[in-house]
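S.K.: Take a look at the letters that make up each chain.
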Amino acid sequence: MRPSRFAPALLLSAGLAALGLTASFSASAVDNTPPLPDPQLQQRYFELTHELRCMQCQNEALADSPVSLAADLRLQVRELLLAGQSDDQIRDHMVARYGEFILFRPRMSARNAWLWGAPPVLMLIGLVVAWRVVRTRRRLVGGDDDGGDADDADDGGSPGP
Amino acid sequence: MVIELGHYALILALLLAAAQAFFGLAGPVLRRERWLAAVPSAACGQFVFTALAVAVLVHAFIVNDFSVRYVAENSNSALPLFYRVTALWGAHEGSMLLWILVLALWTMAVVASMRRLPVEFAARALGVLGVISFGFLLFTLATSNPFARLNPAAPDGNDLNPVLQDPAFAIHPPILYMGYVGFSVGFAFACAAMLEGRRDQLWARWMRPWTVMAWAFLSCGIALGSWWAYYELGWGGFWFWDPVENASFMPWLIGTALIHSLAVTEKRGLFKSWTLLLAVTAFSLSLLGTFLVRSGVLVSVHSFAADPSRGIFILAFLVVMIGGALLLYAWRAPRMKSAAGFDLMSRESFLLFNNILLTIAAAVVFGGTLAPLIADTLGLGTLSVGPPYFNPSFLVPMLPLLALVPLGMHARWKRGGLGEAGRPLLIALAVAAVLALALAFGVYAHPLTLTPIGATLGIWIMFAALIDPLSRWRRRLPLPAGVLGMSIAHLGLGVFVLGITFVQSNTIERDIALKPGESAQIGSYTFRYLGGEDIEGPNYEGFRGTVGISRGGRAVTVLHPEKRRYWVQGTVQTTAAIAPGLNRDLLAALGEDVGAGAWSLRFQYRPLIRLIWLGALIMAIGGVTAVLGWRQRGLAPSDASTAIAPGGPLGAATGSPAGSRGGVS
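Here the protein sequences come in this chain order: A and B.
Residue numbers are given in the numbering used here: position 61 of the first sequence equals residue 61, and the series is strictly consecutive.
Add 1000 to the 1-based position in the second sequence for the numbering used here, that's all there is to it.
Check before you lean on any hint, since a few could be wrong.
[Stated by the list, open to error] Some, not all, of what chain A presents toward chain B, calculated at C-beta under 10 Å:
#1 E51
#2 D64
#3 A83
#4 W116
#5 V129
FYI, nobody ran anything at the bench for these hints, they're computed from the structure.
A quick note: this is a predicted structure, and the numbers were derived from the prediction, not measured.
Glycine included, C-beta positions come from ideal geometry on N, C-alpha and C.
With the hints as extra help, turn the sequences into a complete structure.
M.R.: Below, the structure written as structure tokens:
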């Protein structure tokens, strides 16, 4: 392999990969960790390694990362599972070492309240807006001031009269 | 020398874009007819010189001119010719050039159909397109010049990133950009309407086909990207909620809201200012996506600081474009009032709910995508947001939306009610529920809680989409293009929902190390590793495994997953082998040589995954059907400038003035 004279530029262009293209440019990995004895443990292992992220990649779960650090972490997860730790204990263990960055599922903490709270709060706001608009418009139904009724024949609508 | 010509052509394109913007925006204000007449000429010139610049760069790739930095970084003399051409959009500079070319194509399409628009409106719209084009050309020339030379020239190039050496990569970016950039036309029309201070809703009729067309392209582009990631990235995922994916998905969500809201605005003159806001937002999100991806802020806030010139430029451009459009909106939108009314169960109501829910969905994706950035900037520590957040959060607005689709499709305008469609809808729901339960518990066992719900919704939407066309066909009533397109698109949505439900519920994946002759059980399929051999390709070497798959003792297929090492960059690339099928995909990928002849392997079974892309494709076909139909029945230019005549022979018949000739199709 000739040493690449474009390495920095290449890294940059890989980082800024063509728009809408790719999760990350690293090749995918297949997990070499030996399977756990118990199918239930294996299932938990599967879920945990998809919920913890690779610390060196752009957007990959531990399970999919080819990086050696990720392989180490997978082994750690396996050992912690075998040691009888719960999912939460394993998450705590990882966060204590690597920070919350390692969790693909942000914690439901006060600090992340805005993130987890966003969908229900937005739904509430949406409901209020919908209710107000419909209430206003219902009062106007009587008037024929809108340039005539739209013609059902064009844009769908029930085929009836 | 040729390279300098390309560079020069790009500079000329920049100047012509400036002329297009100036004459287009100043002409109508100062009432100079000759200025107005200059606008389409400037636009054509801009297109010609942009195309010339692109042609020069493609030529440099073809002849392996490694004195051009961009070519040296992204190509190699051993690279097959086909990929030397597609390497044009293999990295940042060329992607920007493609962006500009696509914008020029859309601009040409507007020019080609502008005789159907009032002269001043067309000039203003082209002027706005000119401003966008000018910004991107300036950005490219100032910070990301693809024609920059390398002195001394490199002996050979650094090769195209191996994951991009794929046929899908040849069509994915151009189609995605056609969608992304296509929203610029809606944006330009919205700005033109606001600049003119129009009170009518004719602009909505003009804008509609363009937006639907861009939306269809974007649907296709996103689906292609997902399909490409599925088989090329090699681990069988089809959507990662990656920031780059989200950057294209947010404009799609808002664009979907926009095409629905345009229907209300065009037909009933309602939601005018909201529709304008959506048109501005859809394109703003496209710009924002470009900014997020291009500036590198999403990789890390720190990488933004490392190369700030690009990021700051796009940010400034973003502020000018979006800020300008929003100021214009704040100034003009209050004029656009409508006194039309509608009842709770009317089509208008359902489209309102559609818009609210899609906007919420886009906001959720937006928040999740930017959360790491926000947390980092505010000093709240680092944070990752991945599928475990997006999947449930996205369903919060999406499930109600899907449940409303069959009703909304059949609700009548204004006074509302389902009319004669009520009974068939109810029957369809019952049949859908029975089928869904049979699928969830019978065909595919072990359902999740949401499986029967998702399946019911998917099947119900598919049935509901058929009610209208079938009933018209039975009564020998004509089927207008709008109805046909809408039915097809919603059918595609149902197919998509059905597919994603079972992929999410019943996928089986397993990583396992096997020696030749050993096998693993994946659901009802037996995957047997039969060994492998070393291989050599034009610019790589690798290993090719053989995996035999059988079911109940009967051979199903043989797969050949590969692992390649590309010589130039030394990159290792896994190429998964997939046995596709409408009912299921079987996938095998190679991991590593774990010694003693054994390899680690990844096996997957994914039911109905093809329906995801098929659904997206059907949606896009629905959009194109509507546009082509509208175009065929297009109004003459004189009609386009008169008021809407709802009762006329063409009625509210969406006589699309803006059919797209030339570059669009």
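S.K.: Take the hints in turn and mark each one as holding or not.
M.R.: Okay, the hints, checked on the actual structure:
Evaluation of the E51 of chain A hint against chain B yields a held restraint, the C-beta minimum of about 5 Å falling below 10 Å. A least Cβ separation of about 5 Å between D64 of chain A and chain B falls short of the 10 Å threshold, and the interface hint therefore holds. Residue-level restraint check for A83 of chain A is violated (minimum Cβ-Cβ distance to chain B is 21 Å; threshold 10 Å). Because the beta carbon of W116 of chain A sits about 8 Å from the nearest beta carbon in chain B, less than 10 Å, this interface hint is met.
Interface restraint check for V129 of chain A: the shortest CB-CB distance to chain B comes to about 6 Å, inside 10 Å, so the restraint holds.
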